[in-house]
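**Student:** Put chain Z with the ligand on the given structure of chain R with help from the hints.
In order, the protein sequences belong to chains R and Z. Residue numbering for the first sequence follows the working numbering, beginning at 712 and increasing consecutively. Residue numbering for the second sequence follows the working numbering, beginning at 41 and increasing consecutively.
Please note that the accuracy of each hint is not assured.
Unchecked claim - Okay, derived cross-link-like pairs now, DSSO-like style, lysine-lysine, Cα gap no bigger than 27 Å in a straight line:
1) Z/456 / Z/374
2) Z/48 / Z/215
3) Z/432 / Z/498
4) Z/85 / R/799
5) R/827 / Z/230
6) Z/374 / Z/498
7) R/799 / R/715
8) R/827 / Z/303
9) Z/85 / R/715
10) R/838 / R/718
11) Z/303 / Z/43
12) R/827 / R/803
13) R/827 / Z/43
14) Z/202 / R/715
15) Z/456 / R/760
16) Z/202 / Z/52
17) R/803 / Z/85
As the list claims (entries may be wrong) - Below, a sample of chain Z positions facing chain R; criterion: calculated Cβ distance under 8 Å:
18) 52
19) 122
20) 472
Since the hints were derived computationally from the structure, they do not count as laboratory data. The beta carbon of each residue, even a glycine, is placed where N, CA and C say it ideally should be.
Residues per chain, in single letters:
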Amino acid sequence: MSMKIEKIVGPAIPLRGDDIDTDRIIPARFLRCVTFDTLGPHAFEDDRKQDPDHVFNQEKFQNAEVLFAGNNFGCGSSREHAPQSLQKWGIKAVVGLSFAEIFFGNCNAMGIPCAKVTPEDLETLYKVAESDPTVEFTVDVDTLTVSWNGGRVNAEIPAGVRDTFLQGTWNATAVLQQAEGDIQAVANALPYINNFQ
Amino acid sequence: MGKTLLDKVWEKHTVRELPSGQSQLFIGLHLIHEVTSPQAFAMLKELNLPVKFPNRTFATMDHIIPTQSQARPLVDSLAEEMVVALTESCKEHNITLYDLESKQQGVVHIIGPEKGLTQPGMTIACGDSHTSTHGAFGAIAFGIGTSNIRDVLATGCLAMSKPKVRQVRVEGELKPGVYAKDVALYIIHKLGVKGGVGYAYEYAGSTFENMTMEERLTVCNMSIEGGARCGYINPDQVTFDYLKGREMVPEGEAFERAVEYWKSNASDDDAEFDDVVVYNAQDIEPMVTWGINPAQSSPVSGHVPNPENLEGAEQTSVAEALEYMQLSGDQDIKGIPLDVTFIGSCTNGRLSDLRIAAEIAKGRKVAENVQAIVVPGSMEVARQAVAEGLDKVFKEAGFEWRLAGCSMCLAMNPDKLQGDQMCASSSNRNFKGRQGSPTGRTLLMSPAMVAASSIAGKVADVRELD
Ligand code: SF4
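Pulled out of the complex, with its shape left as it was, chain R reads as follows:
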């Protein structure tokens, strides 16, 4: 069993823009590694170099634990290096308009809740974080809300995925293993497994 994840509390970093792909989150040259441990400092490295004002460069956001993002966040490559670099950087939850599916699946498997909010609510969240980087946000997986001192918006996480956080089954290996006998039975019933002999 993995750890139960009910809520994440912490300051947020407001990253504006749609279709931010995994090549931008972690450029391919940093994939030359056999562990994920060293990826944190390289999150958004190329974007940061080209834009000194990039939010990930700004001192005031360095303690952030929640990432606010736009539409189709994490599109592109399946590289888990992308959410791994964010996690190593300090991010524990992502709140955005929508997520690319493989990225979403990777985050789920790593215990990073990705919650969707409406465009109006995201704008509110962006503004609160931008005007005061010390504000603590609570991403509540149970009540499906994002709240802060005086404010609260609804968030959306698909029911099944939400359950895996609440029950501590997001690391699927142990859960999948439980069906040991059934796995073998399904495999045996597939004619291609024995090359149609």
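**Tutor:** Positioned in the frame of chain R, the structure of chain Z with the ligand alone reads:
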């Protein structure tokens, strides 16, 4: 009500419904490579677990492999370390590895079909998003991340939510100079880069039925660029003819049994889809991307959009793209100057792609301002190309003929753009920095268009080459 191929394959591979509502799906073929699996093997070691189905797992090395010299140890010591890690893991767990020494190495999505590993009705997973390629055979194939790779290694299964199915139908004959890549870029242009989120794409209609397997692979490869979780084409005689005689495909009576099984997985005539879109092949022209995602494209005869004519989010994203690409609104696509051209990748690095490009290169010369590179998708593709003399054609025309690998598709090896070079590429992604330089620029197009543009030294229309 009839069933789709996805319904049938999903049903046969479902071990159980998980408490989360997801399905526990058995994965019939697991392909691995050097970049995304070493960490998964490390996780396995931590859990003290063996690989559950080593004989359903196949490995190769492609992403990090240099294309000028593949002598070991590799010059890049980090690359060497990754290659060694994969080799050791495969040895330890009895996994078949197509490495450099085997002379069978290549891009993972090229060698799966080439060896006959990829077959209709399978579930396939691989730690690379373009795993959707294998759907061309009527398989359900997912790109996954490293934690998921750990799950498949340890249990042979994935926890997955079943996608909806959108039938993407294209009818009619393609016009001369229009290729599978153009069809893929056209569909993504129409439906957008996130149009496919939540869906599997079933490609149907006479245009796909008339395609060769290699063309179908190109189309399914690009499914992920449209946001779809996977894409597939129902298996038919073209599929079976391609598979017959390949190394991992059964022979004789077993082959007949296989064909029956493969056929039984195709979508029923009365299958219902969650959505259907229909396009006309005659409307499709050679496509070129001008932006920083694969939906930002135009027919080659067209021009770059002008942000001034757009509003809201679209205006912002087009303006951002044009700034990065150093292109101006209303600029003609044709004539955009180039520095580098690249023919290769799992999208367009197969023999038929090289043949088409060579035909255009034959008797012509690459423009002086352009460095043109051809990277075969696998050692086998390279062997066949050499047997046909394609390497000579390319070299005589001034293209560099390289060794097999992913190369400038993602530029993890030494093949990289420098500074803000502009590259016409037959690969699949034009993201910022994708081809190795943080400011490098990529224009996606078919291999035929890349070849024609290499000769012209700027974006050219392959139909107008003299
Ligand atoms: S050629 Fe490109 S897309 Fe294909 S497997 Fe290699 S890196 Fe991935």
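**Student:** Of the hints stated earlier, which fail here?
**Tutor:** 2, 8, 13
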